[in-house]
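Visitor: We have chain A already, so just place chain B on it with the hints.
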Amino acid sequence: MRTLILSVLILLFGSMISTLSAQSTGLEIGNKAPEIRLPTTKGDTVALSSLKGKLVLIDFWATWCSPCVEEQSQLAKLYSKYKQSVFTNGKGFEIYGVSLDAKKSNWENFIRTNKINWIQVSDLKFWRSPVAKTYNIQGLPFNVLIDDNGMILAKNLHGIDLEKQIGSFLKK
Amino acid sequence: MKTKTLIFLLFAVAASVFATKEFSSQSQNDPWTTQQLLAPADLANTLKNPKSPQPIVFSIGMQAVIKGSIDIGPVMEKDNLDQLKQKLDKLPKNSNIVVYCGCCPFSRCPNVRPAMALLKTMQFTNYKLLNLPQNVKVDWIDKGYPVSE
Numbered sequence: 001m002r003t004l005i006l007s008v009l010i011l012l013f014g015s016m017i018s019t020l021s022a023q024s025t026g027l028e029i030g031n032k033a034p035e036i037r038l039p040t041t042k043g044d045t046v047a048l049s050s051l052k053g054k055l056v057l058i059d060f061w062a063t064w065c066s067p068c069v070e071e072q073s074q075l076a077k078l079y080s081k082y083k084q085s086v087f088t089n090g091k092g093f094e095i096y097g098v099s100l101d102a103k104k105s106n107w108e109n110f111i112r113t114n115k116i117n118w119i120q121v122s123d124l125k126f127w128r129s130p131v132a133k134t135y136n137i138q139g140l141p142f143n144v145l146i147d148d149n150g151m152i153l154a155k156n157l158h159g160i161d162l163e164k165q166i167g168s169f170l171k172k
Numbered sequence: 001m002k003t004k005t006l007i008f009l010l011f012a013v014a015a016s017v018f019a020t021k022e023f024s025s026q027s028q029n030d031p032w033t034t035q036q037l038l039a040p041a042d043l044a045n046t047l048k049n050p051k052s053p054q055p056i057v058f059s060i061g062m063q064a065v066i067k068g069s070i071d072i073g074p075v076m077e078k079d080n081l082d083q084l085k086q087k088l089d090k091l092p093k094n095s096n097i098v099v100y101c102g103c104c105p106f107s108r109c110p111n112v113r114p115a116m117a118l119l120k121t122m123q124f125t126n127y128k129l130l131n132l133p134q135n136v137k138v139d140w141i142d143k144g145y146p147v148s149e
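Sequence lines, in order, name chains A and B. The opening residue of the first sequence carries number 1 in the numbering used here; numbering runs sequentially from there. The opening residue of the second sequence carries number 1 in the numbering used here; numbering runs sequentially from there.
None of these hints come from the bench; they were simulated from the model. Keep in mind that a hint or two might mislead.
List time: in silico SDA-like cross-link candidates among lysine to any residue, alpha-carbon distance up to 25 Å [claimed, not checked]: (1) A:Lys103 x B:Lys67; (2) A:Lys103 x B:Pro133; (3) A:Lys103 x B:Tyr145; (4) A:Lys125 x B:Gln123; (5) A:Lys133 x B:Asn45.
Covered stretches of chain A, going by a simulated chain B footprint (3 or more residues, C-beta under 8 Å) [said to hold, decoys possible]: (6) 28 to 39; (7) 142 to 156.
Just so it is clear, CB atoms sit at the ideal spot from N, CA and C, and this is done for glycine as well.
Okay, chain A solo, but in the shape it has when bound (with noise of 0.2 Å):
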């Protein structure tokens, strides 16, 4: 009986650290995505968490990155299509985008010349931005699409894949 007992409870336990780990913050895929708190062009700062229920993709860009301006295109055909979507793990999509600009005119006049109607937010440090080191960012363009809860469901997707990926999230 004692036996058995210590066997639930050992069960038990390594079900909870199990548990702890799988929400701990990091940027492998099950793992909570770090907060971001960064300021938009009007200088109201946005942060990640504000967008909790929602499916969310975390776009790295920069206007001086010319994959991350070609890939702007597609990310509004995205946004308009699943914006109001219902999807098993969150009830509309936003992209969240965070530019590694350094100059504001550059990023202001990018955002408003491609009408870019989504989330945008920088701190102008270039690849000095703290962001940058929190997420290890290799290279632009990045991005970490994340669930309703904060939680990373894919990292670094694009075109077709990026797509796929987000359509097959989609409540049926």
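Guide: Just chain B now, kept in the frame of chain A:
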């Protein structure tokens, strides 16, 4: 059997000539030589040693990340390229010059080519391009090399 071997050899020679041509034409497009690439560790060691002769380091990209470097701005923009030219006009042709951008790999960087081409055209004799294969974060900041305040 001999014919087959001959065909194989001809194919191999043709392929290697084609590959060499491709490689050399890519290299010829870049206005620098392998000898003009400066390893980040070498520059970092020089910057850390005040007794060592210090190069003039120009940031020709988005931000002057490296400690002591002169911020020119992205030289893909004509105004910034003109500003670099003005600075270079005042320097002796044998000045020890290093330029860097570090936004992205050289293949995609819009700034390194105009800067290196200008130095070549102006007939400088002792200039280098900082070899940042990925970007200034991975190849400089993450390695703990000196950064500007």
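Visitor: Which hints from the list above does the structure break, by number from lowest to highest?
Guide: 4, 6, 7
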